[in-house]
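Asks: Work out the full structure: start from the sequences and follow the hints.
Number of protein chains: 2
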Amino acid sequence: MPSLDPGQARLRFAAARVARLATADATGAPHAVPMVFALTGDTIYSAVDAKPKRTTALRRLANVRANPRVAVLADHYDDDWSTLWWVRADGEARVLDQAPEALTVLAAKYEQYRNTPPQGPFLAIEVRHWSGWSAS
Amino acid sequence: MPSLDPGQARLRFAAARVARLATADATGAPHAVPMVFALTGDTIYSAVDAKPKRTTALRRLANVRANPRVAVLADHYDDDWSTLWWVRADGEARVLDQAPEALTVLAAKYEQYRNTPPQGPFLAIEVRHWSGWSAS
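In order, the protein sequences belong to chains A and B.
Numbering of the first sequence is given in our numbering, commencing with residue 138 and proceeding in unit increments.
Numbering of the second sequence is given in our numbering, commencing with residue 138 and proceeding in unit increments.
Just so you know, the hints here were simulated from the structure itself, not pulled from any lab data.
Keep in mind the model is a prediction, meaning the values are calculated, not measured.
Certain hints may be false.
Unchecked claim - For each label pair, taking beta carbons as the anchor points, the in silico distance ranges come out as:
#	chain 1	residue 1	chain 2	residue 2	range
1	B	R251	A	E238	42 to 52 Å
2	A	A245	B	S219	16 to 26 Å
3	B	A199	A	A272	20 to 30 Å
4	A	T241	B	P205	39 to 49 Å
5	A	E229	B	R196	13 to 23 Å
6	A	R202	B	A163	13 to 23 Å
7	B	L148	A	P139	29 to 39 Å
8	A	T241	B	S219	22 to 32 Å
Backbone N, C-alpha and C fix where the C-beta goes; we use that ideal spot for every residue, glycine too.
Replies: Have a look at this one:
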């Protein structure tokens, strides 16, 4: 079961259309949510739909403010297990109200964001460690 | 952006072929890894390939032993964002060396496990809360 080297891991991650953000609150309770994202350098950007009337939707923001450590996972599943792979980016996240660079890279990757630019807030995740695995 | 009620969330989760397990260690550092799983009642079972020579592969087990709280996410992504959905199961995990019920339900769901039963250890996750969201 071969590991992916950090360069291979980073390339596969950058091309993925969706990833899953794992955070934890100050007491260590984990949380996970899917997110679209764009990678530039070793920074992952994502836009957060604030949904001010649904407090649970903001848990990722509260978690990041209390505990900036995050793990972001991109993976490929198929019933043919010889094609499986995953990549994990471990790093630290910040919440940004304004993020022009995030808007640029997200709009370049997703047509939806070109048509309707996200209002934010945004997450900027500085990746400290790339890891990954591929079945073949 | 409609929430899924717990019954709907549970049904979608049960049918998913892969989920992502988010754990955190005793210091609150989150971790995420994809996993195949089977749901029976409100218990999620998964088999862990122990890989004794690769200590990083055991981080999910060390985390669960230190901090049993976990979040498990199943989601659907497509570039047509009107079809997106996700379901999250929040609960507590245990590590089991032997788990006959896990073997039975995993083999019923995955052909690979019928051909080669997993040796374990296993994770048993008692789901305390189902939540989910669907774009349409």
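Asks: Determine for every hint whether it applies to the structure shown.
Replies: The hints, checked one at a time:
| no. | hint | verdict |
| --- | --- | --- |
| 1 | R251(B) x E238(A): 42 to 52 Å | 49 Å, holds |
| 2 | A245(A) x S219(B): 16 to 26 Å | 22 Å, holds |
| 3 | A199(B) x A272(A): 20 to 30 Å | 23 Å, holds |
| 4 | T241(A) x P205(B): 39 to 49 Å | 42 Å, holds |
| 5 | E229(A) x R196(B): 13 to 23 Å | 18 Å, holds |
| 6 | R202(A) x A163(B): 13 to 23 Å | 21 Å, holds |
| 7 | L148(B) x P139(A): 29 to 39 Å | 36 Å, holds |
| 8 | T241(A) x S219(B): 22 to 32 Å | 25 Å, holds |
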